[in-house]
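A.B. asks: So the sequence lines, in the order shown, correspond to chains A and B. The first sequence begins at 1 in this note's numbering and counts up one residue at a time. The second sequence begins at 1 in this note's numbering and counts up one residue at a time.
Hint data in this document are derived by calculation from the structure and do not stem from the laboratory. It cannot be assumed that every hint is accurate.
Stated by the list, open to error - On the chain B side, residues computed to face chain A include the following (Cβ under 8 Å): (1) 24; (2) 31; (3) 34; (4) 37; (5) 75; (6) 76; (7) 80.
In this text, a Cβ means the ideal position worked out from N, Cα and C, and glycines have one as well.
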Amino acid sequence: MNSDEVFQNVREALGDVLGMDEDEITANATIVGELEATSLDIVDLLFQLKKRFGIELTLAQVQRELTRDGQGDDGDEAGGFKDALFENVTVRDVTDWVNSRLPA
Amino acid sequence: MTGGLPEMPGIVGLGIDVVHVTRFSAFLRRHRDSLGEVFTTSEISAADEHGSRELYLATRWACKEALLKALGTGWGRGVQWTDVEGVGSLLAPRLRLSGAAARVARKLGAAEPIASVAWAGSNVMALAALVASAVSCDQGVDREILPR
Chain A
1 MNSDEVFQNV REALGDVLGM DEDEITANAT IVGELEATSL DIVDLLFQLK
51 KRFGIELTLA QVQRELTRDG QGDDGDEAGG FKDALFENVT VRDVTDWVNS
101 RLPA
Chain B
1 MTGGLPEMPG IVGLGIDVVH VTRFSAFLRR HRDSLGEVFT TSEISAADEH
51 GSRELYLATR WACKEALLKA LGTGWGRGVQ WTDVEGVGSL LAPRLRLSGA
101 AARVARKLGA AEPIASVAWA GSNVMALAAL VASAVSCDQG VDREILPR
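Isolated chain B (complex conformation) (with noise of 0.2 Å):
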């Protein structure tokens, strides 16, 4: 068995996050103009396209925040939100990494992440995990641990 959490053999970052979509659509009106810090291009273009803009946005948002907390960096050692490009569906959507994001997840040995996003009211919750990528076995069964 290579890689993994002690409890959960083969997932090697967990993370999870909660945003409120008021709170969230403040932020984006009062910082329209600096959205591609954190969003990228297709992002914002998939928002504009998307029937609520604020609830698409909140929902990248918080896939953001919960991969980042699975890589164990959070907004740090060169990290940045626009690492982690959400695409495709708003409640289960594939997160691709590029740069400082990309790096540290081939060094933690991770596939591509797994992202599960639920709405309950005004608030978003995004969770994220990172799973091993390398073949595991188990009690003498090779089992391939495939990434999505």
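Chain A with its partners taken away, still in its complex shape (with noise of 0.2 Å):
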């Protein structure tokens, strides 16, 4: 699967799980702010990417090689709901995490 089918796949997806219409969906959209995808949103989307694409992943993994500051800081920073990791991801990001996880 190239690149392409990879990110047509994930706005697939994104569109099942948002009920919104593919085109509205941009590789450059974030997932929480613009396409304002709840929590449950995000695990339901990571639960259909691991189907349609084959991979195995844990929600900790993706938390940790997805997000921008997901490196295992085990919680020692309290931070405010404002830095939650996940609300810059765009569906490009998606899109690369998923190619980086499928075979060559």
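Reconstruct the complex from the two isolated chains, following the hints.
C.D. replies: What follows is the structure in structure tokens.
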């Protein structure tokens, strides 16, 4: 599967989860900010990606690898909710992450 | 006085969440095999024994979300949904913390969390509060804030 196909699959999964038309889902859209996904939507999406692409993932792993500050700080910093790590993740970020998990 | 938000002395964290049960039920149906990532074994067992599995898990999910907001981390900084386990009553559950959630709560100086749930139609709402565990003084009167 090439990168465009991965992107299309991610868009389809997001459209399914969020009840949106795929045309409204652009590569640079932030999943939480612009697409207004809730935490439940994010988990739903990740589980769907797991099935669609046959990739093994745990939520803890995704949190570490995909989010901006996910360096396994084990909650040492009780940051404000505005610092929630998934807020700035874009559709492109998710696509790139899926690509990195697929066999070469 | 130790800890607490400026407007609510003694409250070190507060969170709220609303879950649409129908939406949540669709999630449960799609991902039956992955529920162990967000619910503990005990929660899943208790849900299987409850009259309405969907309502039970939707309620527990709302509590987890509310607590993660009260911690100030959301799903982030190592905190996972399974770090928060709802036990007992659906409407006034105890929330047991473990892992990163417990560490964050300790750093905030919080005692055991307090949670309250309400159902309205097809929506479930949960409120979670973290109360300071330290002894506080108020106008010269020593007042110990007791955990639940």
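A.B. asks: Taking each numbered hint in turn, which are not upheld by the structure, reported in ascending numerical order?
C.D. replies: Those not satisfied: there are none.
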